[in-house]
Amino acid sequence: MIDWQSTLWVIAAGGLVATSGALVGCWLLLRRMAMLGDAISHAVLPGIVLAFWLTGSRAALPMLLGAGLIGLMSTGIIQWLSQQRFMRPDAAMGITFSAFFALGVLLISRYSGQVDLDLDCVLYGEIAYVPWDLWIVGDWVLGPRAIWTLAGVLMVALLFTLWLYKELLASTFDPVYAQVIGIKTRMVYYMLMAVVALVVVASFEVVGAILVLAFLVVPPATALLISRRLPMMILISVALGWLAVVLGYMTAHMLDVSITGSMATVSGVLFGVALLATRLRAKIRSVGGELIGRA
Amino acid sequence: MLDINTLSVLIGLIVLGATSGVLGTFALLRRKALLSDTLAHAALPGICLAYLIGGKQLGWLLMGAFISGLAGIGVVSLITHRSRLKEDAALALTLSVFFGFGIVLLTGIQRWGDGHQSGLDRFLFGQAAAILPHEVAYLTLACLLILGIVALLFKEFTLICFDRDYARAVGLPVRLLDALLMGLIALIVVLGLQSAGALLMVALLITPATTARLLTQRLGVMVALSALFGTLAAAGGVWMSALYGRLPTGPVMVLLASGLFLLAILFRYTRHRLGAYR
Chain A
1 MIDWQSTLWV IAAGGLVATS GALVGCWLLL RRMAMLGDAI SHAVLPGIVL AFWLTGSRAA
61 LPMLLGAGLI GLMSTGIIQW LSQQRFMRPD AAMGITFSAF FALGVLLISR YSGQVDLDLD
121 CVLYGEIAYV PWDLWIVGDW VLGPRAIWTL AGVLMVALLF TLWLYKELLA STFDPVYAQV
181 IGIKTRMVYY MLMAVVALVV VASFEVVGAI LVLAFLVVPP ATALLISRRL PMMILISVAL
241 GWLAVVLGYM TAHMLDVSIT GSMATVSGVL FGVALLATRL RAKIRSVGGE LIGRA
Chain B
1 MLDINTLSVL IGLIVLGATS GVLGTFALLR RKALLSDTLA HAALPGICLA YLIGGKQLGW
61 LLMGAFISGL AGIGVVSLIT HRSRLKEDAA LALTLSVFFG FGIVLLTGIQ RWGDGHQSGL
121 DRFLFGQAAA ILPHEVAYLT LACLLILGIV ALLFKEFTLI CFDRDYARAV GLPVRLLDAL
181 LMGLIALIVV LGLQSAGALL MVALLITPAT TARLLTQRLG VMVALSALFG TLAAAGGVWM
241 SALYGRLPTG PVMVLLASGL FLLAILFRYT RHRLGAYR
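These protein sequence lines are chains A and B, in that order. Mapping the first sequence onto the numbering used here, position 191 (from 1) lands on 191, and the numbers just tick up by one. Mapping the second sequence onto the numbering used here, position 181 (from 1) lands on 181, and the numbers just tick up by one.
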């Protein structure tokens with residue numbers, strides 16, 4: 001017997017994560033900063049633990065802001081370290097995020113009694129519990145709390161993309177030109193990082209700290225193989241994200257395994273199929289070209 | 001106070017810390033910092049598959065980890081060479097998909113099979129106290145083997161890190177040496193999974209090496225310092241995790257290594273300010 005209502009809430013939660021993830025993930029990918037998404041998703045952990053601890057609840061807003069701020073701080077530290085002599089960006093990233101993440105894991109395992117968080121949640125989130133954590137105001141039951149949080153963050157990501165589209169475009173593809181026409185590229189960079197941190201923190205409870213990367217990077221990477229035009233790439237990656245969420249949920253339900261892990265795996269399979277298809281197309285085209293050339 | 005178990009774990013981790021410090025130096029210079037992170041995450045599905053295929057023996061599990069870690073590296077290089085995606089995208093993609101698949105298998109093992117007895121979670125965050133004395137013996141032996149190879153090929157590895165053209169010109173098999181170095185890095189990452197965990201093994205490799213890089217310009221000194229810092233972090237991790245009960249060893253070691261890094265940054269900064277350094 002399938003409980004349709006909670007199934008739909010779980011898929012909706014996954015879909016919202018995939019949509020926000022695809023929106024910001026495309027920019028990360030095009031700026032060659034995919035691993036920075038990984039770094040931020042690890043680095044926000046101590047912020048999340050502290051916010052849980054201080055507010056004593058899963059109240060959304062203070063947690064989002066506090067943890068988001070720590071995520072932003074970590075990108076600042078990475079930036080600063082990368083500019084030092086004898087430091088490479090990859091080493092700066094590795095050191096910073098592992099230190100933050102280690103601190104978060106240590107806090108959780110030391111104070112797991114006081115904090116309503118465990119390491120399983122860090123690893124793969126609690127998407128299955130989304131339908132049961134309801135937001136209740138007075139006598140009104142407003143539906144799962146996570147859905148509201150994720151929808152709010154999606155609105156922020158959407159407004160950010162639409163409002164700063166031109167600035168993002170220019171500073172991603174031609175930073176020098178962007179600066180010449182008066183775009184504050186540093187400001188755009190930090191705003192993008194802030195939105196990424198927000199998306200990561202909001203997704204944490206649902207998909208965990210590590211697998212959120214699969215939602216940020218894999219659908220945009222697949223879309224980049226398929227399309228060369230940016231608006232198209234964003235739309236395709238959103239669609240691929242939803243496809244992975246639905247298929248992943250079905251697989252997980254059948255095999256009784258982690259839902260998030262299975263969504264990430266399906267995402268990877270979709271990427272593999274796309275890669276194979278583009279390789280085949282290139283082969284066919286080159287063979288076709290040869291034939292035409294010979295004729 | 002110090003029982004025989006703790007003592008053997010301490011010895012094993014000191015050797016492990018030193019070896020990963022030494023190899024970390026080369027990983028850093030060859031710009032493989034994030035590749036080793038991907039490698040460590042990609043090892044998870046291999047551990048689970050090995051467990052599903054046949055038994056719980058540590059050597060068998062680690063062999064699975066080694067193979068799937070190498071498969072992860074293969075996928076990264078396939079994506080970077082055969083598609084329009086860049087290395088960062090390939091790394092992030094491989095890391096998250098392999099890890100997601102590992103999580104699928106891990107939860108599967110917990111639910112289909114003999115419940116939580118599998119004990120595979122210890123490979124995620126590391127639990128040094130769970131390492132048995134005879135496993136420590138194998139760990140130490142493997143580390144000494146790695147150190148021996150590095151000592152033998154020290155000049156060659158130095159050359160391929162700093163001057164590949166010259167290395168090629170004097171007839172060194174650059175690609176073979178590269179592959180060997182990467183294989184050794186994969187080996188130490190897999191050996192460290194049990195004590196540092198898949199999620200944080202990269203720090204044991206990279207942080208001591210970067211700390212050493214801040215303090216010296218000479219490779220020999222850098223390798224020695226890095227080994228020293230790795231040893232300190234590992235020994236401190238075992239000690240604190242024995243002292244405070246079931247703390248996961250990985251995070252403690254990483255925080256100690258990061259503390260040393262912070263001290264090195266402060267040291268450099270004050271020296272710079274005092275004008276002794278330019």
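If you're looking for bench data, these hints aren't it; they were derived computationally from the structure. We treat Cβ as the ideally placed atom computed from N, Cα and C, and that holds for glycine. Please note that the accuracy of each hint is not assured.
Coverage of chain A stretches by chain B, computed from C-beta distances (three or more under 8 Å per stretch; other residues unrestricted) [to be verified]:
hint : stretch
1    : 11–19
2    : 46–54
3    : 133–143
4    : 159–168
5    : 173–185
6    : 205–219
Just a sample of chain A residues kept apart from chain B, beta carbon distances all over 10 Å, derived [unchecked claim]:
hint : residue
7    : GLN5
8    : GLY37
9    : ALA151
10   : TYR190
11   : LEU224
12   : LEU243
13   : PHE271
14   : ARG285
15   : SER286
Using C-beta positions, here's what the derived DEER-type ranges look like [claimed, not checked]:
hint : chain 1 : residue 1 : chain 2 : residue 2 : range
16   : B       : ASP121    : A       : HIS253    : 20 to 30 Å
17   : B       : ALA169    : A       : PHE173    : 36 to 46 Å
18   : B       : ALA179    : A       : ARG229    : 35 to 45 Å
19   : B       : LEU176    : A       : LYS283    : 29 to 39 Å
#### Entry: Whether LEU224 (chain A) stays farther than 10 Å from all C-beta atoms of chain B, as the label says
6 Å, violated
### Message
Quick check for students: does the CB of TYR190 (chain A) sit more than 10 Å from each CB in chain B?
### Response
Label holds. Min Cβ-Cβ 19 Å, cutoff 10 Å.
#### Entry: Verdict for LEU176 (chain B), LYS283 (chain A) (Cβ pair) under range 29 to 39 Å
30 Å, holds
### Task
Could you let me know if the closest chain B CB is still more than 10 Å away from the CB of ALA151 (chain A)?
Holds: least Cβ distance 24 Å, greater than 10 Å.
#### Entry: Assertion that LEU243 (chain A) lies outside the chain B interface [Cβ separation over 10 Å]
15 Å, holds
### Query
Going by Cβ atoms, does GLY37 (chain A) stay more than 10 Å from chain B at every point?
7 Å, violated
### Query
Should the label of GLN5 (chain A) as a non-interface residue stand, given a Cβ cut-off of 10 Å to chain B?
24 Å, holds
### Query
Is the nearest CB of chain B more than 10 Å from the CB of ARG285 (chain A)?
With a cut-off of 10 Å, ARG285 (chain A) remains clear of chain B, as the shortest Cβ separation is near 15 Å.
#### Entry: ALA179 (chain B) versus ARG229 (chain A) beta-carbon gap, inside 35 to 45 Å or not
39 Å, holds
### Message
If you count the residues of the stretch 46–54 of chain A with a beta-carbon closer than 8 Å to a beta-carbon of chain B, do you get 3 or more?
### Response
Since three or more residues must qualify, the claim that chain B covers the stretch 46–54 of chain A is violated, with 0 doing so at under 8 Å.
### Residues of the stretch 173–185 of chain A with Cβ under 8 Å from chain B, three needed, outcome
violated (count 0)
### Message
Verify this for me: three or more residues of the stretch 205–219 of chain A with a beta carbon less than 8 Å from a beta carbon of chain B.
### Response
With 7 residues in contact (Cβ-Cβ under 8 Å with chain B), the coverage given for the stretch 205–219 of chain A holds.
Violated hints, listed in ascending order, are 1, 2, 3, 4, 5, 8, 11, 13; each of the other numbered hints is respected by the structure.
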